[in-house]
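2 protein chains.
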Amino acid sequence: MKRYGSVIKIKTKKLEEYKKIHANIWPEVAKMITECNIINYSIFHKDGYLFSYFEYIGKNYESDMAKMAADSTTQEWWDVCMPMQEPLDTRKKGEWWAEMEEVFHQD
Amino acid sequence: MKRYGSVIKIKTKKLEEYKKIHANIWPEVAKMITECNIINYSIFHKDGYLFSYFEYIGKNYESDMAKMAADSTTQEWWDVCMPMQEPLDTRKKGEWWAEMEEVFHQD
Chain A
2 MKRYGSVIKI KTKKLEEYKK IHANIWPEVA KMITECNIIN YSIFHKDGYL FSYFEYIGKN
62 YESDMAKMAA DSTTQEWWDV CMPMQEPLDT RKKGEWWAEM EEVFHQD
Chain B
2 MKRYGSVIKI KTKKLEEYKK IHANIWPEVA KMITECNIIN YSIFHKDGYL FSYFEYIGKN
62 YESDMAKMAA DSTTQEWWDV CMPMQEPLDT RKKGEWWAEM EEVFHQD
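Those protein sequence lines, which keep their order, are chains A and B.
For what it's worth, the working numbering labels the leading residue of the first sequence as 2, then goes sequentially.
For what it's worth, the working numbering labels the leading residue of the second sequence as 2, then goes sequentially.
Worth flagging that the hints you see were computed from the coordinates, not collected in a lab.
A couple of the hints might just be wrong.
Given that identical chains are not distinguished, each listed pair holds provided it fits within a single copy or across any two copies.
Keeping only pairs whose Cα atoms sit at most 27 Å apart, straight-line, the calculated DSS-like set for lysine-lysine is [to be verified]: (1) K15 x K32; (2) K60 x K32; (3) K60 x K47; (4) K47 x K10; (5) K60 x K12; (6) K94 x K3; (7) K60 x K15; (8) K47 x K15; (9) K21 x K60; (10) K93 x K14; (11) K32 x K68; (12) K10 x K60; (13) K68 x K14; (14) K68 x K93; (15) K20 x K47; (16) K60 x K14.
Sequences and hints are given; from them, build the entire structure.
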C-alpha cells in the first residue's frame, strides 16, 4: 500500500458548489475510484486549499490512473470539477493536483 | 473513528531539519501518539505547507489531546518542532496546526 497526499486550490466562489457535489459524488465515479484500487480517500479544505489523502492498494498506479482517465463518466465529472479548481504553479508536468512529499508516517 | 486533516506552514530554511527529525521521531513521542488513540498518522509537504492526516480511534479526543499535551517528553519534542513551523493566521483560537474541514470521504 502507498499513501498519496496531493494539494490544489479551490476558487473561493466555487467552494460551496464543490462541497455540494462531493457530498453526492456520482456512483459511477465512486465505483471507478474503487476499481482503480484507491481506498480511504478524503479531501479536506482550509483557506482555499484542498488537500487529498488516499491509499493505493493496486500493483500498477500509472496503469490504474490511465484506466480512470479513460473512463467517460469520470471525464464528465472532471469537466465539472476542474473549472472550480486552480492548480498550483509548482505542480509537476502532467499533474493537476500537485503530489506532496510524505515526510512522516506512523501506523 | 474520526479523521483529522490539519495544515501549518514550515519555514523554508527548516524543512530539511524537520524532515530529518521526523524520520527518527523520539520513541516516547511515538508511544504517546499511540496511547492517545491516534493511528495512521502521516505528514506531507509541498511548497512550504505541511498537511497532516490521522485517524482518531478513542472515545474522548479533547481528553486524549490534553493527556498528550501534559507529557513532558512530548512538550520537549514540540519545543524542537514549533520554532520550525509558522501557524496560519486563520487558525482557530487554541490551535497550532489549523484544522481543515473534511469535504469528501470514500472508504
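Against the structure, the hints:
Within a single copy, K15 and K32 get their C-alpha atoms as close as 25 Å, which meets the 27 Å cut-off; across copies the closest is 41 Å, which misses it. In this assembly of identical chains, the alpha carbons of K60 and K32 lie at most 27 Å apart only when taken from the same copy (18 Å versus 32 Å across copies). For the homomeric pair K60 and K47, the shortest alpha-carbon distance between copies (26 Å) is at most 27 Å, but the shortest distance inside one copy (32 Å) is not. For the identical chains of this complex, K47 and K10 are neighbours both inside a copy (10 Å) and across copies (13 Å), given an alpha-carbon limit of 27 Å.
When the C-alpha separation of K60 and K12 is checked against a cutoff of 27 Å, the pair qualifies neither within a copy, at 34 Å, nor between copies, at 36 Å. For a Cα distance limit of 27 Å, the shortest separation of K94 from K3 inside one copy, 21 Å, qualifies, whereas the shortest one across copies, 34 Å, does not. In this assembly of identical chains, K60 and K15 lie within 27 Å of each other by CA distance neither inside one copy nor across copies; the values are 35 Å within and 35 Å between. In this assembly of identical chains, K47 and K15 lie within 27 Å of each other by CA distance both inside one copy and across copies; the values are 14 Å within and 23 Å between.
With identical chains, the CA atoms of K21 and K60 are never at most 27 Å apart, being 33 Å at best within one copy and 29 Å at best between copies. Within a single copy, K93 and K14 get their C-alpha atoms as close as 26 Å, and across copies as close as 22 Å, so both meet the 27 Å cut-off. Taking identical chains as interchangeable, the C-alpha atoms of K32 and K68 lie at most 27 Å apart only when both belong to the same chain, with a minimum of 12 Å there against 41 Å between chains. In the homo-oligomer, the alpha carbons of K10 and K60 never lie at most 27 Å apart, since the shortest distance is 29 Å inside one protomer and 33 Å across protomers.
Taking the shortest Cα distances, K68 and K14 never come within 27 Å of each other, neither inside one copy (31 Å) nor across copies (40 Å). Proximity of K68 to K93 under the C-alpha cut-off of 27 Å is restricted to the intra-copy arrangement: shortest distance 20 Å within a copy versus 41 Å between copies. Taking the closest pair of Cα atoms, K20 and K47 come within 27 Å of each other both inside a single copy (12 Å) and across two copies (23 Å). Taking identical chains as interchangeable, the C-alpha atoms of K60 and K14 are never at most 27 Å apart, the minima being 38 Å within one chain and 37 Å between chains.
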